[in-house]
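Q: Produce the entire structure from the sequences given, and follow the hints as far as they go.
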Amino acid sequence: MAREFIPKVLTANDLIEGDVVYRSKDSQWVRDISQAHVFHDQETADAALEATANEAHIIVGAYLFDAQEIDGKAVPTHFREDFRAKGPSNYRHGKQEDGYV
Numbered sequence: 001m002a003r004e005f006i007p008k009v010l011t012a013n014d015l016i017e018g019d020v021v022y023r024s025k026d027s028q029w030v031r032d033i034s035q036a037h038v039f040h041d042q043e044t045a046d047a048a049l050e051a052t053a054n055e056a057h058i059i060v061g062a063y064l065f066d067a068q069e070i071d072g073k074a075v076p077t078h079f080r081e082d083f084r085a086k087g088p089s090n091y092r093h094g095k096q097e098d099g100y101v
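For the sequence shown, this note's numbering assigns the number 1 to the initial residue and increments by one for each residue that follows.
Please note that a few of the clues may not be correct.
Stated by the list, open to error - When the alpha-carbon atoms are kept at most 30 Å apart in a straight line, the in silico DSBU-like pairs for lysine-lysine are as follows: (1) Lys86 - Lys25; (2) Lys73 - Lys25; (3) Lys73 - Lys86.
Unchecked claim - If you anchor each label on the Cβ, the simulated ranges turn out as follows: (4) Ile16 - Ile70: 30 to 40 Å; (5) Glu4 - His57: 29 to 39 Å; (6) Arg3 - Tyr63: 13 to 23 Å; (7) Lys86 - Ala2: 32 to 42 Å; (8) His78 - Asp32: 16 to 26 Å; (9) Glu69 - Asp46: 12 to 22 Å; (10) Ile58 - Ala2: 27 to 37 Å; (11) Ala2 - Val60: 25 to 35 Å; (12) Asp19 - Lys73: 15 to 25 Å; (13) Thr44 - Lys73: 15 to 25 Å; (14) Asp32 - Ala2: 25 to 35 Å; (15) Arg3 - His57: 32 to 42 Å.
Derived by calculation from the structure, the hints in this document are not laboratory data.
Please read these numbers as outputs of a predicted model, since none were measured by experiment.
Positions of the beta carbon are idealized from the N, C-alpha and C atoms, including for glycine.
A: Written out as C-alpha cells, the structure is:
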C-alpha cells in the first residue's frame with residue numbers, strides 16, 4: 001500500500017542575502033511563509049524542486065518540507081521549519097525586526 005502524501009512547501013536560501021525563501025503559487029521566491037505554495041501531490045512538488053536547478057544564480061539549498069495549509073496559508077509541521085520561518089535567532093534582526101513574525 002502506498003504511503004499517503006504529506007503536503008510540501010519548497011524552500012531555499014537567497015544566494016545574495018542568505019534569507020530563507022519559499023516558492024509562491026506564481027513561482028516567485030518570497031520571504032514570508034504564509035505566501036508559500038503548498039504542494040498537494042508528489043509529482044508537482046518534485047517537478048518544482050527539479051526546476052530549481054536552473055536557479056543557482058538566485059537560490060541555494062532548495063528542498064521540500066512537510067507543511068499544512070490553514071486558512072489558505074502554509075504552516076510548517078516541524079519545529080525546524082517554524083524556526084527558519086521566524087528568521088535569524090538573534091534579537092531584532094531580519095524578519096523579526098521587519099515584523100514578519
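Q: Evaluate each hint against the coordinates.
A: Hint-by-hint comparison with the structure:
| no. | hint | in the structure |
| --- | --- | --- |
| 1 | Lys86 - Lys25 | holds, 21 Å |
| 2 | Lys73 - Lys25 | holds, 11 Å |
| 3 | Lys73 - Lys86 | holds, 15 Å |
| 4 | Ile16 - Ile70: 30 to 40 Å | holds, 31 Å |
| 5 | Glu4 - His57: 29 to 39 Å | holds, 36 Å |
| 6 | Arg3 - Tyr63: 13 to 23 Å | holds, 19 Å |
| 7 | Lys86 - Ala2: 32 to 42 Å | holds, 34 Å |
| 8 | His78 - Asp32: 16 to 26 Å | holds, 18 Å |
| 9 | Glu69 - Asp46: 12 to 22 Å | holds, 19 Å |
| 10 | Ile58 - Ala2: 27 to 37 Å | holds, 34 Å |
| 11 | Ala2 - Val60: 25 to 35 Å | holds, 32 Å |
| 12 | Asp19 - Lys73: 15 to 25 Å | holds, 19 Å |
| 13 | Thr44 - Lys73: 15 to 25 Å | holds, 19 Å |
| 14 | Asp32 - Ala2: 25 to 35 Å | holds, 33 Å |
| 15 | Arg3 - His57: 32 to 42 Å | holds, 35 Å |
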